[in-house]
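Visitor: The lines below spell out each chain.
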Amino acid sequence: MSAIWQILQDQLVPFMDAMVMTLKLTSVSLSLAVVIGLVVALLKLSRHRPLNWIANVYIGLIRGTPLIVQLMFLYFGISRVVVLSSFWAGSLALAVHCGAYVAEIFRGAIQSIDKGQMEAARSLGVSHWKAMRLVILPQALRIAIPPLGNQFIIGLKDSSLVAYLGVMELFGAALSAQAENFQPFQTYMAVGLYYLVLVLIFTLIVNWLERRLDKANAGRALDTRMQRMQSA
Amino acid sequence: MIRVCNVCNLHKYFGVIHVLKGINLEVMEREVVVLIGPSGSGKSTLLRCLNFLELAQEGEIELFGRSVDPRRDRLDKVRERVGMVFQQFNLFPHMTVLENVTMAPISLKKEKSKAEARASARQLLDRVGLANKAGSYPSQLSGGQQQRVAIARALAMNPEIMLFDEITSALDPELVGEVLQVMKDLAESGMTMIVVTHEMGFAREVANRVLMIDDGLIIEDATPEKLFSQPSHERTQRFLSQVL
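Quick mapping for you: the protein sequence lines, in order, are chains A and B.
0 is the number of the first residue of the first sequence in numbering that gives the first Met the number 0; add one for each residue after it.
0 is the number of the first residue of the second sequence in numbering that gives the first Met the number 0; add one for each residue after it.
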């Protein structure tokens, strides 16, 4: 136990720097993943067959192959065409990976909205896309938040694999630390603690967000009951 | 009189099911036409074909003096002039009552400014008796109030014809009256209306014509007096004896 404490102290600066890198990787890749996910979800829900097909192939390929293979493939694939830092190559690869799962989350959320909502908007003369943006997506997003939070936690942990592209994020820092101190067991345990704390903080944020949305809805329901009681 | 809507030999299939089997229907300006008939007869489908939520496979629909071709014409432009109210209200739950009413006029720039759109929306809410509910959310309203908001929302686009699809069928019995009253006022103001309903009292009182639809065809088209007192078709007699 004291050895772990020692490592946490010795590696404080490199691990902290690495944690910042992990957070950067995660936020960049997850933001991109949300954009990709939204576009792919809309492709998948489109009436046009070729667009469905593109979305299905993308999701199928991503779900059907390991993340580490995708990372390597994209890293070496992309670097043949353009020179990208390993940070950006890693972020893009993570985003492409996570985007497929986010797409499925969005698709499910959009499909769960009653189709009368779209019909009502269309009957007013509002175009499909405007109705999507103003009526369907705001409602779908609320439904998507819990599963998105879950997917984001997975994304945070998956960012550790980018160490193999040479990015000095948490896991990368642990790799190089244990090569110097010859204490792999304690070093990996120490870095595991970092991930654990990050995920816990993230979980708290998601829970808080969910509760806030629930409360907003519950508050409205309560108002209704009070109003009915008053009018009765 | 100006003809608002003319339907010619309309056929609609859902897969192999032949729902509308050659509908012919002419509606004049300021006319209130009530569609009655057993469930599954095609009343709602006909209504939904009129604003192209469903596309008919055969036949012609003329609106406001022009034949509409769903493949070539911009249907959104047509729909702006055709208001529709649904059985399930379909209010937007994440918007306030006022936002529900102003969503279409603002996003389609129907009014000169947002402030004007809000002002007209408030007038409409006043007209349906809900001026004090502008800031409420749909979930805070009773079914009858929600349906009246839905009517105001449809009216906000200033339609030239209104379609009502069984709009009191999902309401508690004590809330039906307030919604029917709004429809009655609307009819008196001269709105052209096509109403699918099971409220025979409303049909008798407000309709200029009542159409009986059975099995995808209009089998009777008469004034309410004539249709309710001496229906000429045996099927109409049977239907009326079941609902009255």
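Heads up, a few of these hints could be off.
With the C-beta cut set under 10 Å, the calculated list includes, among others, these residues of chain B facing chain A [to be verified]: (1) 52; (2) 54; (3) 83; (4) 107.
Non-contacting residues of chain A with respect to chain B, defined by C-beta distances greater than 12 Å in every case (computed) [as the list claims (entries may be wrong)]: (5) 52; (6) 64; (7) 125; (8) 129; (9) 135.
Treat the hints as calculated values from the structure; they're not laboratory data.
A quick note: this is a predicted structure, and the numbers were derived from the prediction, not measured.
Virtual Cβ for every residue (Gly too), placed ideally from N, Cα, C.
Visitor: Do the numbers back the hint for residue 52 of chain B, that is, is its least Cβ distance to chain A under 10 Å?
Guide: holds (6 Å)
Visitor: Please verify that hint: residue 54 of chain B, Cβ, nearest Cβ of chain A, below 10 Å or not.
Guide: violated (13 Å)
Visitor: Please check whether the beta-carbon of residue 135 of chain A is more than 12 Å away from every beta-carbon in chain B.
Guide: Violated, since 10 Å does not exceed 12 Å.
Visitor: Please settle this one: residue 64 of chain A was flagged as non-interface, so is its CB more than 12 Å from every CB on chain B?
Guide: holds (38 Å)
Visitor: Beyond 12 Å from every Cβ of chain B: is that where the Cβ of residue 129 of chain A lies?
Guide: At about 6 Å from chain B, residue 129 of chain A fails to clear the 12 Å cut-off, so the statement is violated.
Visitor: Hint validation: residue 107 of chain B versus chain A, beta carbon distance must be below 10 Å. Holds or violated?
Guide: At 6 Å from the nearest chain A Cβ, residue 107 of chain B passes the 10 Å test, so the hint holds.
Visitor: Quick check for students: does the CB of residue 125 of chain A sit more than 12 Å from each CB in chain B?
Guide: Since the minimum Cβ distance to chain B is about 5 Å, residue 125 of chain A lies within 12 Å and the statement is violated.
Visitor: Could you check if residue 83 of chain B really has its C-beta closer than 10 Å to a C-beta on chain A?
Guide: Holds - the Cβ of residue 83 of chain B comes within 10 Å of chain A, reaching about 4 Å at its closest.
Visitor: Compute the least Cβ-Cβ separation between residue 52 of chain A and chain B, then decide whether it is above 12 Å.
Guide: holds (24 Å)
The structure shown violates the earlier hints numbered 2, 7, 8, 9.
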